[in-house]
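Undergrad: Chain by chain, the residues:
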Amino acid sequence: MSNVLVLAEQSHGKLKKATLSALTAGREVAKRSGGKVTALVLGKGAAQAAEELAGHGAEVKHADVPALEHYLAEAWAPVVAEVAQAAGATWVVAAATAFGKDLLPRAAARLGAAAATEVLALAGEGASVFLRRPMWAGNVIAEVELTTPVKAFTVRPTEFAPAPKAAGGSAAAVAVSPPAVQTRFVEFQEVKSERPELTEARVVVSGGRGTKGDFKEVEALADDLGAAVGASRAAVDAGWVPNDWQVGQTGKVVAPELYVAAGISGAIQHVAGMKGAKVIVAINKDPEAPIFQIADYGLVADLFKAIPELREKVKASK
Amino acid sequence: MPLKMLVTAKRVEDPESKIAVKADGSGIVTDGVNYKMNPFDEIAVEEALRLKEKHGGEVVVASIGGDKSMTEIRAALAMGADRGLLVKHEGALDPMVAAAILKVLVEQEKPDLVMLGKQSIDDDQNQTGQILAERLSWPQATFASKKESLESEAEQKKQPGLVLGGDGKRMQVVREVDGGVETVEVPLPAVVTVDLRLNKPRFASLPGIMKAKKKEVKELPAAGLGVDLSPKVVVRKLHAPPARQGGVKVADVAELYAKLHQEAKVI
Ligand SMILES: Cc1cc2nc3c(=O)[nH]c(=O)nc-3n(C[C@H](O)[C@H](O)[C@H](O)COP(=O)(O)OP(=O)(O)OC[C@H]3O[C@@H](n4cnc5c(N)ncnc54)[C@H](O)[C@@H]3O)c2cc1C
Ligand SMILES: Nc1ncnc2c1ncn2[C@@H]1O[C@H](COP(=O)(O)O)[C@@H](O)[C@H]1O
Numbered sequence: 000m001s002n003v004l005v006l007a008e009q010s011h012g013k014l015k016k017a018t019l020s021a022l023t024a025g026r027e028v029a030k031r032s033g034g035k036v037t038a039l040v041l042g043k044g045a046a047q048a049a050e051e052l053a054g055h056g057a058e059v060k061h062a063d064v065p066a067l068e069h070y071l072a073e074a075w076a077p078v079v080a081e082v083a084q085a086a087g088a089t090w091v092v093a094a095a096t097a098f099g100k101d102l103l104p105r106a107a108a109r110l111g112a113a114a115a116t117e118v119l120a121l122a123g124e125g126a127s128v129f130l131r132r133p134m135w136a137g138n139v140i141a142e143v144e145l146t147t148p149v150k151a152f153t154v155r156p157t158e159f160a161p162a163p164k165a166a167g168g169s170a171a172a173v174a175v176s177p178p179a180v181q182t183r184f185v186e187f188q189e190v191k192s193e194r195p196e197l198t199e200a201r202v203v204v205s206g207g208r209g210t211k212g213d214f215k216e217v218e219a220l221a222d223d224l225g226a227a228v229g230a231s232r233a234a235v236d237a238g239w240v241p242n243d244w245q246v247g248q249t250g251k252v253v254a255p256e257l258y259v260a261a262g263i264s265g266a267i268q269h270v271a272g273m274k275g276a277k278v279i280v281a282i283n284k285d286p287e288a289p290i291f292q293i294a295d296y297g298l299v300a301d302l303f304k305a306i307p308e309l310r311e312k313v314k315a316s317k
Numbered sequence: 000m001p002l003k004m005l006v007t008a009k010r011v012e013d014p015e016s017k018i019a020v021k022a023d024g025s026g027i028v029t030d031g032v033n034y035k036m037n038p039f040d041e042i043a044v045e046e047a048l049r050l051k052e053k054h055g056g057e058v059v060v061a062s063i064g065g066d067k068s069m070t071e072i073r074a075a076l077a078m079g080a081d082r083g084l085l086v087k088h089e090g091a092l093d094p095m096v097a098a099a100i101l102k103v104l105v106e107q108e109k110p111d112l113v114m115l116g117k118q119s120i121d122d123d124q125n126q127t128g129q130i131l132a133e134r135l136s137w138p139q140a141t142f143a144s145k146k147e148s149l150e151s152e153a154e155q156k157k158q159p160g161l162v163l164g165g166d167g168k169r170m171q172v173v174r175e176v177d178g179g180v181e182t183v184e185v186p187l188p189a190v191v192t193v194d195l196r197l198n199k200p201r202f203a204s205l206p207g208i209m210k211a212k213k214k215e216v217k218e219l220p221a222a223g224l225g226v227d228l229s230p231k232v233v234v235r236k237l238h239a240p241p242a243r244q245g246g247v248k249v250a251d252v253a254e255l256y257a258k259l260h261q262e263a264k265v266i
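The listed protein sequences correspond, in order, to chains P and L.
The first sequence begins at 0 in numbering that gives the first Met the number 0 and counts up one residue at a time.
The second sequence begins at 0 in numbering that gives the first Met the number 0 and counts up one residue at a time.
Just so you know, these hints were derived from the structure itself, not from any lab.
Think of the CB as a built atom: it goes at the ideal place given N, C-alpha and C, for glycine as much as any other residue.
Don't take each hint at face value.
[Unchecked claim] Some chain L residues judged to face chain P by a derived CB distance under 7 Å, without partners named: (1) D23; (2) E89; (3) D121; (4) Q126; (5) L135; (6) Q139; (7) L163; (8) G179; (9) T182; (10) L187; (11) G223; (12) V226; (13) D227; (14) L228; (15) K248; (16) A263.
[Stated by the list, open to error] Chain L side only, calculated, beta carbon under 10 Å to chain P, not exhaustive: (17) H54; (18) E57; (19) G128; (20) L131; (21) K199; (22) D251.
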């Protein structure tokens with residue numbers, strides 16, 4: 000039997016949407032290997048988030064002991080391993096968010112499981128499940144096989160549809176051994192935003208070094224379109240915008256319906272994070288900028304002239 | 000309290016190089032590709048040097064790879080690291096094996112702090128530090144960053160972003176996570192993996208390069224470490240990603256808007 004444990008992510012009792020993509024991937028594995036899927040929610044608010052996840056047809060276990068109050072990989076990994084073993088899980092799956100990237104390799108190591116990260120798709124046949132994942136900033140797709148008895152992977156949320164709402168789910172508390180933990184959570188400084196989450200937004204407007212630090216137009220266009228704001232590494236490194244706006248190989252991966260890149264040259268490391276967008280618009284002064292090679296609609300223009308004009312058109316149509 | 004630090008320096012393809020898959024999917028085309036230290040590892044080396052400048056101690060740099068990985072060790076020594084460890088290993092290496100090898104080095108060297116990059120830019124795994132921490136039963140602080148920007152005064156003064164507690168036994172680490180920045184405190188010894196905004200790595204100076212040539216580098220054959228070297232993440236084949244059709248230019252904003260509205264129907 001090949002049961003699957005899906006690690007859920009939540010904050011203040013609210014489930015993170017990326018979890019639903021991990022659930023979809025977990026179900027694919029279970030279907031092929033003939034096992035069942037259990038999901039695990041830990042930490043403060045776990046019970047509430049477990050109910051939400053159960054609403055997607057999942058059998059959910061939740062636990063909240065004092066040592067789990069704040070997410071810490073060191074505390075959560077042993078609990079994940081314990082629950083995985085009790086559930087007879089031979090696969091452990093999470094979403095490739097900052098949480099999943101931090102936790103899954105550690106939990107897998109505890110289980111002696113080899114892991115693959117940022118999985119794009121499953122391959123192989125029947126119970127022999129191989130995993131497709133990007134390497135070299137997405138220049139290469141590798142098909143990998145995990146050869147340990149227990150296996151683990153994180154999925155790129157943009158590549159697996161979120162599991163829809165469904166009946167038949169359940170949520171129940173599970174008893175766990177309180178982990179010993181040396182790490183201390185000090186604080187979380189949230190970047191507050193009224194805008195949609197970057198990885199979930201239908202439209203993303205991103206700015207790069209070409210903004211010269213002035214993101215006003217980029218942000219205004221985003222707000223007119225109900226979009227999230229992203230950025231290139233150059234803009235983030237300069238301290239113009241928060242770190243967590245970085246799109247790319249080593250930042251966030253987005254796949255919106257529309258991605259607008261303004262003042263971004265289109266380095267491979269940036270493109271790795273946005274080439275899954277349905278429609279790409281590039282606004283750049285330099286007609287030779289590599290971003291134009293992948294843009295569906297390229298406009299050679301000064302962003303400080305073009306964006307206000309575009310905003311006028313958007314407003315006029317409303 | 001002086002700090003003994005072990006830092007890793009992996010040899011990877013230069014991020015500026017063009018990467019293409021061989022026709023038979025067995026690997027990448029290496030002709031014309033340059034190699035260098037993994038950019039995240041440069042940040043780890045820089046941070047270790049700043050911590051040493053502030054608190055004293057020693058910076059040991061380790062690399063696992065073929066003979067050529069000596070170049071990356073020398074690069075770290077030229078930046079200012081004290082000595083090197085080259086674990087000689089040809090062929091495939093996965094994060095589990097890398098972590099198992101690093102665990103042996105940690106047991107030999109007994110550092111207070113191990114610093115790695117958050118991810119290798121060739122395999123893009125983002126796993127080795129987390130696995131190592133688990134296997135050592137040490138706390139981990141991944142994706143280390145700092146609150147001040149890379150243009151700040153603190154950065155200009157080359158202050159470390161990792162903050163050592165007054166008793167020298169704890170480290171506060173600011174982490175880049177989704178939706179903001181988190182601060183955690185780990186007792187030492189601990190494993191830290193570093194992210195892009197922790198610091199701007201220094202360039203090696205000419206005297207630094209000269210001195211590096213004389214610094215001690217110990218070579219250890221991987222086979223002698225008592226570690227299972229067979230990869231458990233087996234790459235079956237490589238292929239090129241689907242190409243994206245782009246390249247269409249519009250004349251002006253009016254045309255752009257019309258296309259987005261009427262053709263793509265996205266606004
Ligand atoms: C290890 C590593 C990881 C990396 N990870 C990432 C990552 O995750 N994400 C990422 O984005 N990058 C990443 N990078 C950096 C990447 O290689 C590029 O350096 C970066 O994306 C460049 O940002 P940019 O396009 O904003 O700046 P530039 O390359 O400087 O481009 C600025 C562009 O703006 C245009 N411009 C200037 N003024 C105007 C104007 N007024 N109107 C219109 N256009 C204008 C210019 O023509 C130019 O094309 C990484 C690099 C490394 C080494
Ligand atoms: N062969 C290696 N030699 C030295 N360090 C390595 C090696 N492989 C991985 N590392 C370290 O582990 C970090 C994360 O790598 P990865 O888990 O492969 O993405 C890298 O940034 C390096 O610091």
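Undergrad: None of the hints should be skipped; say for each whether it holds.
TA: Okay, the hints, checked on the actual structure:
no. : hint : verdict
1   : D23  : violated, 14 Å
2   : E89  : violated, 19 Å
3   : D121 : holds, 6 Å
4   : Q126 : holds, 4 Å
5   : L135 : violated, 10 Å
6   : Q139 : holds, 6 Å
7   : L163 : violated, 14 Å
8   : G179 : holds, 4 Å
9   : T182 : holds, 4 Å
10  : L187 : violated, 10 Å
11  : G223 : violated, 23 Å
12  : V226 : violated, 14 Å
13  : D227 : violated, 11 Å
14  : L228 : violated, 13 Å
15  : K248 : holds, 4 Å
16  : A263 : holds, 5 Å
17  : H54  : violated, 20 Å
18  : E57  : violated, 24 Å
19  : G128 : holds, 8 Å
20  : L131 : holds, 8 Å
21  : K199 : holds, 8 Å
22  : D251 : holds, 7 Å
Checked against the numbered hints given earlier, this structure breaks hints 1, 2, 5, 7, 10, 11, 12, 13, 14, 17 and 18; the rest are met.
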